[in-house]
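Q: Starting from the structure of chain A, add chain B where the hints point.
Number of protein chains: 2
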Amino acid sequence: MGSPPSDFIMTSPESLDSKEFMHLNPQDFRGQAHKAVDFIADYYKNVETYPVLSQVQPGFLKNRLPKTPPNTPESFDTILQDVQTDIIPGITHWLSPNFFAYFPASVSSAAFIGEMLCTCFNAVGFNWLASPAATELEMVVMDWLAVMLQLPKTFMFSGSGGGVLQSSTSESTLCTLVAARDRVLDEIGIENIGRLVVYGSDQTHAMYKKVGKIAGIPPHNIRCIPTRMEDEFALSPYSLRKVIEADVEQGLVPLFLCVTVGTTSTTAIDPIKDLADVAKKYNIWVHVDGAYGGNACICPEYRPFLDGIEKVDSLSLSPHKWLLSYGECCCLWMKNPNLVVSALRTDPEYLKNKHSESDSVVSYKDWQVAGTARRFKSLRLWFLLRSYGVENLQNHIRSDVRMAIMFERLVKSDVRFEIVVPRRFALVCFRLKQFNGFDTSYTELLNKKLLERVNSTGRVYLTHTVAGGVYMLRFVVGATLTEEHHVINAWEVIKEMANTIVNEF
Amino acid sequence: MGSPPSDFIMTSPESLDSKEFMHLNPQDFRGQAHKAVDFIADYYKNVETYPVLSQVQPGFLKNRLPKTPPNTPESFDTILQDVQTDIIPGITHWLSPNFFAYFPASVSSAAFIGEMLCTCFNAVGFNWLASPAATELEMVVMDWLAVMLQLPKTFMFSGSGGGVLQSSTSESTLCTLVAARDRVLDEIGIENIGRLVVYGSDQTHAMYKKVGKIAGIPPHNIRCIPTRMEDEFALSPYSLRKVIEADVEQGLVPLFLCVTVGTTSTTAIDPIKDLADVAKKYNIWVHVDGAYGGNACICPEYRPFLDGIEKVDSLSLSPHKWLLSYGECCCLWMKNPNLVVSALRTDPEYLKNKHSESDSVVSYKDWQVAGTARRFKSLRLWFLLRSYGVENLQNHIRSDVRMAIMFERLVKSDVRFEIVVPRRFALVCFRLKQFNGFDTSYTELLNKKLLERVNSTGRVYLTHTVAGGVYMLRFVVGATLTEEHHVINAWEVIKEMANTIVNEF
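As they're listed, the protein sequences go chains A and B.
For the first sequence, position 164 matches number 164 in the working numbering, and the numbering has no gaps at all.
For the second sequence, position 186 matches number 1186 in the working numbering, and the numbering has no gaps at all.
Bear in mind the hints are in silico, worked out from the structure with no lab data behind them.
Please note: incorrect hints may appear among the correct ones.
[To be verified] Okay, the calculated beta carbon distance ranges per label pair:
1. A:N46 <-> B:P1422: 55 to 61 Å
2. B:S1360 <-> A:K412: 34 to 40 Å
3. B:H1485 <-> A:K67: 39 to 45 Å
4. B:E1074 <-> A:E349: 38 to 44 Å
5. B:S1358 <-> A:K433: 27 to 33 Å
6. B:T1072 <-> A:E349: 46 to 52 Å
7. A:K67 <-> B:S1342: 26 to 32 Å
[As the list claims (entries may be wrong)] Straight line, CA to CA, 27 Å or less: simulated DSS-like cross-link-like pairs of lysine-lysine:
8. B:K1354 <-> A:K449
9. A:K433 <-> A:K412
10. A:K354 <-> B:K1448
11. A:K67 <-> B:K1311
12. A:K495 <-> B:K1354
13. A:K433 <-> B:K1352
14. A:K352 <-> B:K1433
15. B:K1354 <-> A:K433
16. A:K412 <-> A:K449
17. B:K1281 <-> B:K1242
18. B:K1448 <-> A:K352
19. B:K1062 <-> A:K354
20. B:K1352 <-> A:K448
21. A:K352 <-> B:K1062
22. A:K352 <-> B:K1495
23. A:K281 <-> A:K242
24. A:K62 <-> B:K1354
25. B:K1153 <-> A:K62
26. A:K354 <-> B:K1449
27. A:K311 <-> B:K1067
28. A:K448 <-> B:K1354
In this text, all values refer to a predicted model and were calculated from it rather than measured experimentally.
Virtual Cβ for every residue (Gly too), placed ideally from N, Cα, C.
With the rest of the complex left out, here is chain A (with noise of 0.2 Å):
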């Protein structure tokens, strides 16, 4: 310390010219970028040839790159090459007509335009000053996608609430958590933070456990309250009431509700209006996680799985799942962004000017995890809308859930097979039936073993489950690209790899 090499440069500054490299001359960037935009237009109408499961194996990537960065410039059109020859086959594509596993990740032309601009102006818009657009068209989307959803204005910024854009639900409910733990310690004093319990389902993403011990809760009062089949794997208001009495009863104080609409297993729905009415007994922060669910209900038809939303603290949803914004892009709105504000807000003197001093403008550096790290991404939420309007990405929602109806009724036209759980949007939870003689172990291997053929063909790519102790298979139509031929030609596919499984065994 205290030896900088203060002067080191000036020693042979002729040796140094910053215009031997531009890092951005704009001619080059024209010309670079419109060869980029070709070679994705071609990836995009040749994606469906590829394998969708990368069929590759571990280190296969490592093992081709060199262990160590090149000391000079190599070309812009051997480093693309290189993507098409090194990167492609190690992709398992997301973007494949084919690709019916986890949640979808959907994009779209509108998207994808509003992300470039993003990158471009890579405004970093921590306080209103620091980029005042950027504050402004995410209030202004944020109220848009509430419109949507029928939210009611306590959510909303010409209401009494507000939304803002996160990277993940992790992040959204971590920011909840952090603002309800912090409203409750500030009564009952930081060191009963030991006493905090918070509630989710068996069902609840595994994102939640992971949040509630980041932010210190004891992983022993994160409780997973087990649902049933029977009520299709929601959270029961009766059930949640049992487990917070016995809290009570122990002298533990609850925190904090994740009620979810649409789980990853199998899209159960847990019920709002009754949960929050269990919960706001007891002072409850609830927060509802409709990470995939919540883009369906900007579908009147939809609507009613966010009854109740009036009575809850905080939402979220994921338009990369289902509303075709590409990745990390999740929405949270709050009743009381005051709340998460005052647990995270930070006030360095360099970051300060006079309208953030004044309090009269948004600072969303006080709305998330990161310090100051913040991308433009309401430009993509932007075009997406006016590129669509309402009615196309509701007419989006159907058309997915359509096919997955169609692929239910292929599932149903099967004797071999069943659907193990209701479908509620467009994911199909199936599998081979358990017959007569055979025990529930060799049910979950033949299933195992159908999914792993079917995957290993590169043809389509699905997975699987485990809800109520039932292995299952996943079946979620969503992905852009997909038509009905597709979701014809996969159930095709499993058909025939059932086949060869039952003439094996």
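A: Showing chain B alone in chain A's frame:
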């Protein structure tokens, strides 16, 4: 609950035609994206002509845009035109060569192309199988950067450690803090969370306190040890030891130390080696925050600032600041990633596969806050490192430093001004001197006035800080398009405004 609109959609299937609106018709995409490229190239060409600090007033955009989203599509050309008309006037142009505020958010054609491809593939690489190339390329580039920084093998995959791309320094610090916390709580019991203490200086980034609070560290146990102007605002190992000893005396448990290479206010450099020597006596996790300054350490002449790095547990730095990568790109290396994994690991059935089960591959979801959300950001760095080569990246740092030195000399050449803190990297901290007979507050007022005048011209943007009680202006060279004449011009604007102020007072 329990009453989904199950087959409602089939009542009028004919009214829905998924072909009406193509989400991602490759031909439409190609046309729109080419237009966007030209728009962006023009922006880069013209950005210098815009006021660098947006001159709009709060509400400007909210008042221009409709309160609700459109029901039907608007044309691509209309929306792009609105970017020019509505958005650009509200942007503070971080890309402008006249941007000298905060720390830079530097960019490059290469990273732009990498980001386009990241968006294109939209691969959600939460575990290896979900996109093998996404996981492996990230491992490769993290090792490449480690080589460039001459990190010990203990931080590399090719050794016994490993690295990960995060969105922000906050996220990096949070993940390591939680790992450190859980390691200690496993020993002393979670009920002792209130005894944990974390250490930084009064110059440590504001995110440090925020992250500590998120992780459940009691705010009164978050130490911000005072620094002194005489020490150039570096954290003194002696002071650290005294504070730790006092805490231990009180029965508290020292947990975590955040060391900074290049603080935000004045780019102070905490002495890693000596601080780590103190911390390690108490088994404290030492994290080095090199968000800005760490980037310079790819140059051998700056590498001494990392001396002692072999003694610490983790290091983060942000290419989104000074390594041309665009936003939300922070690198985190750890000696023992397993500690982070064991703190953050989730293991839901629906993400299991034979590779994740065998623990033979990295599952990056367990190295981050998000449960599954994750973009293929390593493509940016891969494109960047190969397009530049190490030498040009070093020259890029040196070129910015050379321009900062030039500015520093200009300031020194004017008797009215003074350099307040010795320059370390490309930040110059300066002010109008305090002349005999004027008191401190008057000098501060003059400098505030100067800053306001300079920024209101829209010709230059710089910011301020206060350290050691002294209000000073910060001038950072680092915007990608900045050349020497922009620095000279900035100095002219500053002098001109200083003239008007001195005449007035």
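Q: None of the hints should be skipped; say for each whether it holds.
A: Hints and how they fare:
Remark: the range hint 55 to 61 Å for N46 of chain A to P1422 of chain B is upheld by a beta-carbon distance near 56 Å. Against the hinted window of 34 to 40 Å, the Cβ-Cβ separation of S1360 of chain B and K412 of chain A comes to about 39 Å, which satisfies the hint. Restraint check, H1485 of chain B to K67 of chain A: a C-beta distance of roughly 41 Å satisfies the suggested window 39 to 45 Å. In this structure the hint that E1074 of chain B and E349 of chain A lie 38 to 44 Å apart at CB holds, the actual value being about 43 Å.
Roughly 30 Å separates the CB atoms of S1358 of chain B and K433 of chain A, a value that falls within the hinted 27 to 33 Å. Restraint check, T1072 of chain B to E349 of chain A: a C-beta distance of roughly 48 Å satisfies the suggested window 46 to 52 Å. Between K67 of chain A and S1342 of chain B, the C-beta spacing of about 28 Å keeps the proposed range 26 to 32 Å intact. At most 27 Å may separate the alpha-carbon atoms for a hinted pair to count; K1354 of chain B and K449 of chain A meet this at roughly 12 Å.
At most 27 Å may separate the alpha-carbon atoms for a hinted pair to count; K433 of chain A and K412 of chain A meet this at roughly 11 Å. About 11 Å separates the Cα atoms of K354 of chain A and K1448 of chain B, which keeps this hinted pair within 27 Å; it holds. Taking the CA atoms of K67 of chain A and K1311 of chain B, the gap is near 24 Å; set against the 27 Å cutoff, the hint holds. Only pairs whose Cα atoms come within 27 Å are accepted, and K495 of chain A paired with K1354 of chain B is accepted, the gap being roughly 23 Å.
Between K433 of chain A and K1352 of chain B the alpha-carbon distance is near 22 Å, which keeps this suggested pair within the 27 Å criterion. For the given pair, K352 of chain A sits about 22 Å from K1433 of chain B by alpha-carbon distance, which is consistent with the 27 Å threshold. With a C-alpha separation of about 24 Å, the suggested pair K1354 of chain B and K433 of chain A falls inside the 27 Å cut-off, and the hint holds. Proximity of K412 of chain A to K449 of chain A is assessed by CA-CA distance (about 20 Å); at most 27 Å being required, the pair is judged to hold.
The suggested pairing of K1281 of chain B with K1242 of chain B holds, with an alpha-carbon distance near 13 Å, which does not exceed 27 Å. Under the criterion of a C-alpha separation no larger than 27 Å, the hint pairing K1448 of chain B with K352 of chain A is consistent with the structure, at around 12 Å. Only pairs whose Cα atoms come within 27 Å are accepted, and K1062 of chain B paired with K354 of chain A is accepted, the gap being roughly 20 Å. Restraint check: the Cα-Cα separation between K1352 of chain B and K448 of chain A comes to about 12 Å, which is no more than 27 Å; the hinted pair holds.
With a C-alpha separation of about 23 Å, the suggested pairing of K352 of chain A with K1062 of chain B holds against the 27 Å cut-off. Restraint check for K352 of chain A and K1495 of chain B: satisfied, since their Cα atoms lie roughly 24 Å apart, inside the 27 Å limit. With a CA separation close to 13 Å, the supplied pair K281 of chain A and K242 of chain A stays within the 27 Å bound. Distance restraint check for K62 of chain A and K1354 of chain B: the Cα-Cα separation of roughly 20 Å lies within the 27 Å cut-off, and the hinted pair is therefore satisfied.
Of the pairs offered as hints, the one joining K1153 of chain B and K62 of chain A holds, with about 16 Å between alpha carbons and a cut-off of 27 Å not exceeded. Between the alpha carbons of K354 of chain A and K1449 of chain B the distance comes to roughly 12 Å, so the proposed pair stays at or under 27 Å and holds. As the CA atoms of K311 of chain A and K1067 of chain B are separated by approximately 24 Å, the hinted pair is consistent with the 27 Å bound. In summary, the hint linking K448 of chain A to K1354 of chain B is supported, as the alpha carbons are separated by about 11 Å, within the 27 Å threshold.
Checked against the numbered hints above, the structure breaks none of them.
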